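Listed in order, the protein sequences are those of chains H, R and P. Quick note: the first sequence uses full-length UniProt numbering, first residue 1, plus one each step. Quick note: the second sequence uses full-length UniProt numbering, first residue 1, plus one each step. Quick note: the third sequence uses full-length UniProt numbering, first residue 1, plus one each step.
The hints are simulated quantities; they were obtained by calculation from the structure and are not laboratory data. Remember, predicted model here, so these are calculated numbers, not experimental data. Take these hints with a grain of salt, some might be off.
Chain H stretches covered by chain P per the calculated footprint, using a threshold of three residues with CB under 8 Å from any CB of chain P [stated by the list, open to error]: (1) 32–40; (2) 72–84.
In the EDC-like style, the derived pairs of lysine to aspartate or glutamate whose C-alpha atoms are separated by at most 20 Å in a straight line are [as the list claims (entries may be wrong)]: (3) H:K35 x H:D157; (4) R:K153 x P:E16; (5) H:K98 x H:E16; (6) R:K35 x H:D157.
For every residue, glycine included, the Cβ atom is placed at its ideal position computed from N, Cα and C.
Here is how the chains run, residue by residue.
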Amino acid sequence: MQLATLQLTTLLTTIEIAATIAFAMSGLIEATRRKMDIVGVFSVTFVSAFAGGTVRDILIERRPFFWVENTEYIWLVIALVLAAPLLLRSRELRVTDKVMEVADALGLGLFTISGVSLALVAGMPPIVAVLLGSITAVFGGVTRDVLCNEIPKVYRDHQPYTLCTLIGGVIFLGLHQLSVSPHLSSLVGICSISGLRLLAVTYQWQIPSWPRNS
Amino acid sequence: MQLATLQLTTLLTTIEIAATIAFAMSGLIEATRRKMDIVGVFSVTFVSAFAGGTVRDILIERRPFFWVENTEYIWLVIALVLAAPLLLRSRELRVTDKVMEVADALGLGLFTISGVSLALVAGMPPIVAVLLGSITAVFGGVTRDVLCNEIPKVYRDHQPYTLCTLIGGVIFLGLHQLSVSPHLSSLVGICSISGLRLLAVTYQWQIPSWPRNS
Amino acid sequence: MQLATLQLTTLLTTIEIAATIAFAMSGLIEATRRKMDIVGVFSVTFVSAFAGGTVRDILIERRPFFWVENTEYIWLVIALVLAAPLLLRSRELRVTDKVMEVADALGLGLFTISGVSLALVAGMPPIVAVLLGSITAVFGGVTRDVLCNEIPKVYRDHQPYTLCTLIGGVIFLGLHQLSVSPHLSSLVGICSISGLRLLAVTYQWQIPSWPRNS
Numbered sequence: 001m002q003l004a005t006l007q008l009t010t011l012l013t014t015i016e017i018a019a020t021i022a023f024a025m026s027g028l029i030e031a032t033r034r035k036m037d038i039v040g041v042f043s044v045t046f047v048s049a050f051a052g053g054t055v056r057d058i059l060i061e062r063r064p065f066f067w068v069e070n071t072e073y074i075w076l077v078i079a080l081v082l083a084a085p086l087l088l089r090s091r092e093l094r095v096t097d098k099v100m101e102v103a104d105a106l107g108l109g110l111f112t113i114s115g116v117s118l119a120l121v122a123g124m125p126p127i128v129a130v131l132l133g134s135i136t137a138v139f140g141g142v143t144r145d146v147l148c149n150e151i152p153k154v155y156r157d158h159q160p161y162t163l164c165t166l167i168g169g170v171i172f173l174g175l176h177q178l179s180v181s182p183h184l185s186s187l188v189g190i191c192s193i194s195g196l197r198l199l200a201v202t203y204q205w206q207i208p209s210w211p212r213n214s
Numbered sequence: 001m002q003l004a005t006l007q008l009t010t011l012l013t014t015i016e017i018a019a020t021i022a023f024a025m026s027g028l029i030e031a032t033r034r035k036m037d038i039v040g041v042f043s044v045t046f047v048s049a050f051a052g053g054t055v056r057d058i059l060i061e062r063r064p065f066f067w068v069e070n071t072e073y074i075w076l077v078i079a080l081v082l083a084a085p086l087l088l089r090s091r092e093l094r095v096t097d098k099v100m101e102v103a104d105a106l107g108l109g110l111f112t113i114s115g116v117s118l119a120l121v122a123g124m125p126p127i128v129a130v131l132l133g134s135i136t137a138v139f140g141g142v143t144r145d146v147l148c149n150e151i152p153k154v155y156r157d158h159q160p161y162t163l164c165t166l167i168g169g170v171i172f173l174g175l176h177q178l179s180v181s182p183h184l185s186s187l188v189g190i191c192s193i194s195g196l197r198l199l200a201v202t203y204q205w206q207i208p209s210w211p212r213n214s
Numbered sequence: 001m002q003l004a005t006l007q008l009t010t011l012l013t014t015i016e017i018a019a020t021i022a023f024a025m026s027g028l029i030e031a032t033r034r035k036m037d038i039v040g041v042f043s044v045t046f047v048s049a050f051a052g053g054t055v056r057d058i059l060i061e062r063r064p065f066f067w068v069e070n071t072e073y074i075w076l077v078i079a080l081v082l083a084a085p086l087l088l089r090s091r092e093l094r095v096t097d098k099v100m101e102v103a104d105a106l107g108l109g110l111f112t113i114s115g116v117s118l119a120l121v122a123g124m125p126p127i128v129a130v131l132l133g134s135i136t137a138v139f140g141g142v143t144r145d146v147l148c149n150e151i152p153k154v155y156r157d158h159q160p161y162t163l164c165t166l167i168g169g170v171i172f173l174g175l176h177q178l179s180v181s182p183h184l185s186s187l188v189g190i191c192s193i194s195g196l197r198l199l200a201v202t203y204q205w206q207i208p209s210w211p212r213n214s
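Assemble the whole structure, with the sequences as input and the hints as a guide.
Printed below as a string of structure tokens:
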């Protein structure tokens with residue numbers, strides 16, 4: 001169990017880096033499309049990358065925050081912002097809604113599982129761990145949209161978004177309780193969330209109002 | 001004093017449950033009226049029920065959060081959301097603005113006094129305890145309105161809302177310092193806040209601008 | 001080093017009081033211009049004065065919050081709000097945009113340096129200290145604008161605002177690392193931030209979009 005926890009912790013670092021880049025890029029793209037100045041672009045990128053994880057760290061009382069403990073994350077975001085003219089120039093990397101949606105879906109899966117795992121390591125009850133996973137994943141995107149003066153995507157449409165994180169969180173939790181290895185259960189959890197989200201966007205799945213005939 | 005503190009703590013649990021249901025219902029009603037999907041309804045209900053208490057717990061450093069310590073609260077909110085088709089179907093329970101206002105006024109009184117009491121137990125100075133009571137009570141409703149993409153009621157109108165919580169908080173504090181039993185002072189505090197709020201809504205009391213002739 | 005830290009701490013109290021008054025006044029002026037009632041005016045004034053410092057205290061885990069430890073701050077804000085009819089009546093103190101901008105610029109400088117210093121005392125890495133300084137300074141104003149139902153000034157225009165805090169934070173940090181006395185480096189830091197901001201407003205400096213030709 002001790003070993004499993006250690007393994008889980010190591011795995012989480014990898015997940016955290018990938019999720020940070022994915023969400024930072026989604027913020028960077030959104031901000032540059034709105035013709036913000038360099039500080040605005042940095043703020044939105046920073047918040048998109050770190051807001052979800054920071055709220056998670058506050059809720060599970062994990063200190064120092066991951067971006068304080070590993071200042072490389074901050075420099076990474078600064079580098080991404082400074083490299084924006086190169087990153088966004090080439091025609092192949094043309095910023096389409098599709099690119100945004102893929103980055104967003106990836107971050108969604110990665111952050112959810114990082115949130116659920118860290119909450120479990122911190123000794124949270126299962127239901128709280130699943131909710132913390134969703135909050136970790138959704139909060140960055142919500143804040144990004146608020147800073148860009150848009151009603152958060154997640155509240156605007158009837159598309160599955162938070163729902164994907166809840167489903168994936170429950171799948172991960174189930175595998176974890178069946179003693180499946182952390183690596184495998186994380187991979188399955190992340191893929192189901194990101195996959196579900198991309199399917200939902202592609203096929204424009206809709207969730208009905210609740211209650212249905214209200 | 002030790003005993004009074006213990007009594008106070010026991011009483012607070014009862015208050016907390018009732019306040020959680022009242023605020024959850026206000027969020028549930030508001031969300032379903034806006035034709036949200038089930039996740040949206042759950043999110044708004046969850047935030048309405050727990051945001052105020054969570055901010056209170058962060059400010060007085062009370063961990064774990066009340067909804068983490070007692071996961072029954074989370075299941076309660078889930079049950080309320082799942083039962084929404086039944087709860088909101090019957091004609092007698094027809095969701096009118098009046099019903100909303102009563103639920104809101106009740107939660108307002110309950111959460112204020114729970115906030116003031118917990119702050120006192122945590123050793124906060126009186127003025128801070130009163131302010132924390134108001135923040136506890138008002139923050140859930142403000143967040144609910146923000147999520148429903150409405151300017152918070154509390155900032156929009158010139159009706160007494162936060163003012164009721166401040167008056168009731170001061171009354172409760174006064175009784176507490178006069179060594180009145182926690183049960184009685186809580187009851188008086190809650191009734192004065194909820195009562196004042198309902199009177200204010202019914203008779204459409206208005207608070208003038210400040211400064212008056214600005 | 002111990003002495004330097006002590007000196008720094010003493011100096012910070014002075015800075016904190018001045019910054020609190022400056023930001024409270026900016027909130028008070030903004031709220032009264034919007035014909036809010038007395039509770040609304042108090043809320044906006046309170047949040048303008050304390051939101052930045054509270055977020056800073058949460059991020060560096062400094063408890064109790066400065067306004068809980070020193071309740072004089074709360075009474076000061078209450079006194080300012082109650083004195084508003086006198087403060088805002090006289091023709092000389094006529095509330096112009098200029099007055100608002102000066103109060104805001106002053107609070108900007110003071111809160112940034114208080115944030116950077118406290119973060120350094122709390123053992124944060126330099127890059128985090130600079131960012132915390134900016135967050136401390138900008139968060140109060142952002143929240144004030146949100147409560148007044150305005151898109152935060154800082155996101156709306158292309159004027160240097162957060163940029164001033166970043167530049168001043170780096171200057172302060174540089175002087176600090178060159179072992180310049182805390183008093184002098186604080187003074188230089190504050191003056192460069194407030195000065196830059198006022199110059200930026202006066203000459204309507206603009207920061208271009210990033211990337212420039214996007």
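Results for each hint:
no. : hint           : in the structure
1   : 32–40          : holds (count 8)
2   : 72–84          : holds (count 4)
3   : H:K35 x H:D157 : 25 Å, violated
4   : R:K153 x P:E16 : 33 Å, violated
5   : H:K98 x H:E16  : 23 Å, violated
6   : R:K35 x H:D157 : 11 Å, holds
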